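Let the hints inform the model, and build the full structure from the sequences given.
Okay, here's what each chain looks like letter by letter:
2 protein chains.
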Amino acid sequence: MTTRERIIDTALELFNASGTRAVTTNHIAAAMGISPGNLYYHFRNKEAIIRAIFARMHEVGTREYLAINAERGPGTAATMAETFVMIQRFNWRYRFFKRELTALVMADPLLGEQFVASHRANLAMVDAALERSITQGFLVPLAEPARRLLAEQVWMMTLFWLNYLEIGGEEVNDETLQRGIDHLQLLLGNYLTDAAKQALANS
Amino acid sequence: MTTRERIIDTALELFNASGTRAVTTNHIAAAMGISPGNLYYHFRNKEAIIRAIFARMHEVGTREYLAINAERGPGTAATMAETFVMIQRFNWRYRFFKRELTALVMADPLLGEQFVASHRANLAMVDAALERSITQGFLVPLAEPARRLLAEQVWMMTLFWLNYLEIGGEEVNDETLQRGIDHLQLLLGNYLTDAAKQALANS
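Which chain is which? The protein sequence lines are H and E, in order. The opening position of the first sequence corresponds to residue 1 in this note's numbering, with each subsequent residue numbered one higher. The opening position of the second sequence corresponds to residue 204 in this note's numbering, with each subsequent residue numbered one higher.
None of these hints come from the bench; they were simulated from the model.
Partner residues aside, some chain E positions facing chain H, computed with beta carbon under 8 angstroms:
hint : residue
1    : R224
2    : R302
3    : A306
4    : M309
5    : G315
6    : F318
7    : A349
8    : F363
9    : N366
10   : Y367
11   : E369
12   : I370
13   : G371
14   : G372
15   : H386
16   : N393
What you are looking at is a predicted structure, and each value in this text was computed from that prediction instead of being measured. Don't be surprised by glycine CBs; every beta carbon is placed ideally from N, CA and C.
Rendered as structure tokens:
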């Protein structure tokens with residue numbers, strides 16, 4: 001593992017444990033047993049480390065999403081449920097970011113741009129998945145405004161479920177992750193075709 | 204206005220502008236032209252001020268919700284749309300809290316307890332509104348798990364819509380507030396009774 005990657009891993013661990021406010025670049029260097037100068041060689045400041053963590057998060061998330069798609073087929077119910085769990089586990093691994101999302105994005109315009117780009121790409125990915133589900137006869141046809149709203153609802157649920165559990169004092173465990181999947185199923189359930197309902201009942 | 208209320212108002216304004224991190228009790232006292240000792244007479248620390256702001260937010264929100272209910276009748280479509288807009292405007296007034304919600308709640312266990320109590324009361328209020336809508340023949344009957352999930356979806360949309368707009372780089376304006384209402388309508392639309400659909404078409 002390169003020093004750059006070790007910095008990202010160590011920072012992620014410290015941020016998750018104590019929040020970005022309490023952790024300085026000196027803390028990160030000390031936890032790794034390297035000099036602050038060595039850390040600054042790789043990252044100019046804490047904000048740059050946070051942006052690198054976010055870039056990795058987006059990259060890994062997209063890769064894992066495409067892997068599930070390749071295995072389970074695009075636009076199926078199994079793909080959606082598996083993707084949701086993957087993203088929640090993933091959000092948990094990067095949980096400091098979810099906890100401080102709005103404040104971080106507002107404090108660092110560069111991170112804000114990075115987030116907006118990722119956000120739009122993710123929303124477009126959900127919308128494309130709904131479109132494929134419709135083409136494949138898994139979901140009933142939906143006119144443009146409704147399909148885009150539905151995509152936004154699926155994405156919002158994915159984006160905020162972990163925050164919702166944490167602020168409500170609920171643990172992140174198999175049961176609460178399952179409730180997240182139940183939410184997706186309720187969101188999409190009303191748009192399933194009869195053929196899809198039958199296929200789900202037989203699965 | 205009492206000094207206590209002025210402290211809350213001033214702190215709210217400064218927190219909204221700069222975030223709770225950048226604002227100290229000394230800044231708040233200076234902005235009001237009072238001594239730090241006078242401020243400490245009313246609040247032991249910044250956390251106590253944040254808790255007082257949250258208590259006021261919950262109190263005003265509940266009062267305004269009940270007023271809309273009294274005027275528009277409980278469980279109707281008009282009540283739901285008007286409540287949503289009221290809560291979004293209200294969230295905007297207390298926007299620092301929305302922006303830092305997860306971090307604040309995790310950093311202060313007392314605020315956490317206060318939030319969880321308010322959160323459960325709000326969720327129960329949404330669920331009770333759905334139940335009334337069903338009793339009044341506005342929504343089709345829904346079995347327990349589905350109704351509770353639907354209530355949670357309505358509440359999540361209400362809770363996070365402002366954050367969602369801000370992190371996505373969208374302005375909070377009439378158009379984006381209307382999209383929030385469109386979301387609620389899509390969430391509930393599939394459960395409207397034929398009588399309700401007819402009433403909405405004629406309204």
